[in-house]
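K.L.:
Sequence:
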Amino acid sequence: MASSAMQILAFALALLGVLGATVATLLPNWKVSADVGSNIMTAISQMQGLWMDCTWYSTGVFSCTLKYSVLSLPAYLQTARTTMVLSCMMACLGLCLAALGLKCTRWGGSHRAKGHAAIGAGGCFILAGILCLVPASWFTNEVITTFLDSNVPESSKYEPGGAVYVTFVSAGLLLAGGVIFCLSCPGKREGQLDYTSTSTSTTFPDKLLQQQINQEQIQRDQLQPDEIQQEEPLQEKPLHEDKGTQQFYSPSRVPPKDARAGYSLQDYV
Numbered sequence: 374m375a376s377s378a379m380q381i382l383a384f385a386l387a388l389l390g391v392l393g394a395t396v397a398t399l400l401p402n403w404k405v406s407a408d409v410g411s412n413i414m415t416a417i418s419q420m421q422g423l424w425m426d427c428t429w430y431s432t433g434v435f436s437c438t439l440k441y442s443v444l445s446l447p448a449y450l451q452t453a454r455t456t457m458v459l460s461c462m463m464a465c466l467g468l469c470l471a472a473l474g475l476k477c478t479r480w481g482g483s484h485r486a487k488g489h490a491a492i493g494a495g496g497c498f499i500l501a502g503i504l505c506l507v508p509a510s511w512f513t514n515e516v517i518t519t520f521l522d523s524n525v526p527e528s529s530k531y532e533p534g535g536a537v538y539v540t541f542v543s544a545g546l547l548l549a550g551g552v553i554f555c556l557s558c559p560g561k562r563e564g565q566l567d568y569t570s571t572s573t574s575t576t577f578p579d580k581l582l583q584q585q586i587n588q589e590q591i592q593r594d595q596l597q598p599d600e601i602q603q604e605e606p607l608q609e610k611p612l613h614e615d616k617g618t619q620q621f622y623s624p625s626r627v628p629p630k631d632a633r634a635g636y637s638l639q640d641y642v
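The opening residue of the sequence shown carries number 374 in my numbering; numbering runs sequentially from there.
Keep in mind that the hints were calculated from the coordinates and are not lab data. Misleading hints may appear alongside valid ones.
[Claimed, not checked] Between beta-carbon pairs, the in silico distance windows are:
1. Ile417 to Asp522: 22 to 30 Å
2. Gln595 to Val552: 48 to 56 Å
3. Ser483 to Gln588: 46 to 54 Å
[To be verified] Listed below are the simulated EDC-like cross-link pairs for lysine to aspartate or glutamate, each with C-alpha atoms no more than 16 Å apart in a straight line:
4. Lys580 to Asp594
5. Lys440 to Asp426
6. Lys530 to Asp426
This one's a predicted model, so the numbers in the text were calculated from it and none came from an experiment. Each residue gets a CB set at the ideal place from its N, CA and C atoms; glycine is no exception.
Model the full structure from these sequences, guided by the hints.
P.N.:
Following this line, the structure appears as structure tokens:
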């Protein structure tokens, strides 16, 4: 019961991590402008994401421009794109394996198969979390380095945006879900006593109970021949008669011929 609750908790954490990583990949605010200027007619906020750059003007107009050119992008931005997409794919694969490895579900095969699926799901979640940490850390380092550079003008300085923080949180959730899934593996401690599943939905305690019943039946079958051998001499004792003893019968039980032979001639006169 405890392992099932841990698996459900890990599945919920991983699901939140997948949603967070997907949203962070699509958000355009990976870095936002620190201070563009005080002119009321100029843009008051600029933000850049993995796929587009957006500008919010003081008039309320919000415009975005897609990044069509891949070769013109810096290395850290291209790496962030690739790793975030791979992270989302690995996390989705982990969700599919986790659904098969949950102990509270009926699908997924035997306990051993569920254990393997749970370990695979945990590995996918851990790998997805690492793939989230790499671009978020590299992207944050580039933004901070550029911000601290005195040669960069104030209008070109940016700060880490909300998408970066969402990526860090999603990575933590994926790592936590993956570790919990690996630790709560249902087939890890029961693998030595587990057997292959049958067509019925027999649980592991039922198998142990059936095994004990079979052992008791075998012991009873072994004890029955010994009891029969002990009872046979007791039944034969009344059949053996002592030759030195004389049997006496009442006249009513003596056969007729024996009764006539026992009377003398004087009894008939």
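K.L.:
The hint says 48 to 56 Å between Gln595 and Val552; measuring C-beta to C-beta, is that right?
P.N.:
Given range 48 to 56 Å: holds, Cβ gap about 50 Å.
K.L.:
Taking 16 Å as the top limit, are the C-alpha atoms of Lys580 and Asp594 close enough?
P.N.:
violated, 21 Å
K.L.:
Go ahead and decide if the range 46 to 54 Å is satisfied by the Cβ distance of Ser483 to Gln588.
P.N.:
Distance hint for Ser483, Gln588 is violated at roughly 23 Å.
K.L.:
CB of Ile417 to CB of Asp522, is that within 22 to 30 Å?
P.N.:
This hint holds: roughly 23 Å between Cβ atoms.
K.L.:
Under the criterion that the straight-line Cα-Cα distance not exceed 16 Å, is the pair Lys530, Asp426 satisfied?
P.N.:
holds, 15 Å
K.L.:
Taking 16 Å as the top limit, are the C-alpha atoms of Lys440 and Asp426 close enough?
P.N.:
holds, 7 Å
Against the hints set out earlier in the document, violations occur for numbers 3 and 4.
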